[in-house]
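Protein chains: 2
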Amino acid sequence: MKILIVGGNGTIGKKVSGHIGQNHEVVIAGRSSGDVTVDMADSGSIEAMFKTVGPVDAIVAIAGEAKWAPFDQMSEEDFYIGLKSKLMGQVNLVRIGQAFLTPGGSFTLTTGILADDPVDMTTSAAMVNGALHSFAKAVALELKDGQRINVVSPGLVEDAVEIYADYFPGHNPILMPKVINGYVKSILGKGGQVIRMYDNS
Amino acid sequence: MKILIVGGNGTIGKKVSGHIGQNHEVVIAGRSSGDVTVDMADSGSIEAMFKTVGPVDAIVAIAGEAKWAPFDQMSEEDFYIGLKSKLMGQVNLVRIGQAFLTPGGSFTLTTGILADDPVDMTTSAAMVNGALHSFAKAVALELKDGQRINVVSPGLVEDAVEIYADYFPGHNPILMPKVINGYVKSILGKGGQVIRMYDNS
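These protein sequence lines are chains A and B, in that order.
All residue numbers for the first sequence refer to our numbering, where the first residue is 1 and numbers rise by one.
All residue numbers for the second sequence refer to our numbering, where the first residue is 1 and numbers rise by one.
Calculated directly from the structure, the hints in this document are not laboratory data.
Please note: incorrect hints may appear among the correct ones.
[What the hints assert, rightly or not] Dumping the calculated EDC-like pairs for lysine to aspartate or glutamate here, alpha-carbon to alpha-carbon at most 20 Å: (1) B:51 x A:142; (2) B:178 x B:120; (3) A:14 x A:65; (4) B:185 x B:199; (5) A:67 x B:142; (6) A:51 x B:72; (7) A:14 x A:120; (8) B:144 x A:72; (9) A:144 x B:120; (10) B:51 x A:39; (11) B:67 x A:120; (12) A:51 x B:76; (13) B:144 x A:120; (14) A:144 x B:72.
Model, not experiment: these values are computed from the prediction.
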């Protein structure tokens, strides 16, 4: 299989790329590095990326940003950072990517636990994640030729604990092998769903 | 109580306004009619509305639009109709409205069953509804002075059956007294949550 991983050099992305790359051809797209560069906030850039990469058997997004700030300091424009990048970036990846994804191929988007269990200062990030969960359910009704879509929604991931632990009081980290398995399930499995990987136990 | 109902002349809004207005002072805001006019897609218009209306004890949104179309006919701009109007319109209502809502006062936003159980051609509408569910959970962590937020998420509402029944095959209509009660619970109750009113029984 030929698999495009947008954000394949990021914190989660490099682990997923490394694992999947053992048995499959991985093409890494990144903002400033990788086999091809792409700006998730620019649909023209996404289109150019697909024209460069050509047909693929799986399209994975582990990319896109949203602003974290106290709600009473969030301007209208601040919200649009997440809407344009993490939300519409991933929507455009599906919208444009349909034509480049082989029959039965999979889309894998990335969100996170904030959609269901937000923490302080995440009005924008939570919103974007929740939007993608509902989008995926809706678009799954319309994808053609057996194309599938999953959303991987991890809790606080192990490799990001150092940066994010203070923002997620009491959240149990999700170990990287489990996070990787979410992507493996999406790409190599047959289903389409929101794959929640939370540890509240 | 003085209650601002944005969209108070719409299909759902007029029933809610009529019921609540029996015992409270209701100020209706609408796109082209009402006590005050407002364009939900324009934060400047929302700010002007609040300056005209002044302090209120409850802010209710039953307004905002999103485009319904097959996914493969949805342009990037088509998605922004819903993001600017129904999503950011309601977010801006909270963002700007905080300063005009009395302590303990409530925000009531409106979404719908598409967030959880979408139908054909609703990639944009489902996304917007899911975004608002997660936004409400996140912003509830940050509201001050006892301000509360609920989201009323009805299934196919009785008064819209004639227009929407064909789009919602097999969906049981939610009777108007139940729909109204969702808003009453939000405004007169003390809680803050996503109030789902679905009938899958």
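Each hint tested on the structure:
no.: 1; hint: B:51 x A:142; result: violated, 44 Å
no.: 2; hint: B:178 x B:120; result: violated, 25 Å
no.: 3; hint: A:14 x A:65; result: holds, 17 Å
no.: 4; hint: B:185 x B:199; result: holds, 18 Å
no.: 5; hint: A:67 x B:142; result: holds, 16 Å
no.: 6; hint: A:51 x B:72; result: holds, 18 Å
no.: 7; hint: A:14 x A:120; result: violated, 28 Å
no.: 8; hint: B:144 x A:72; result: holds, 10 Å
no.: 9; hint: A:144 x B:120; result: holds, 13 Å
no.: 10; hint: B:51 x A:39; result: violated, 40 Å
no.: 11; hint: B:67 x A:120; result: violated, 32 Å
no.: 12; hint: A:51 x B:76; result: holds, 18 Å
no.: 13; hint: B:144 x A:120; result: holds, 13 Å
no.: 14; hint: A:144 x B:72; result: holds, 10 Å
Consistency note: the structure conflicts with the earlier hints numbered 1, 2, 7, 10 and 11.
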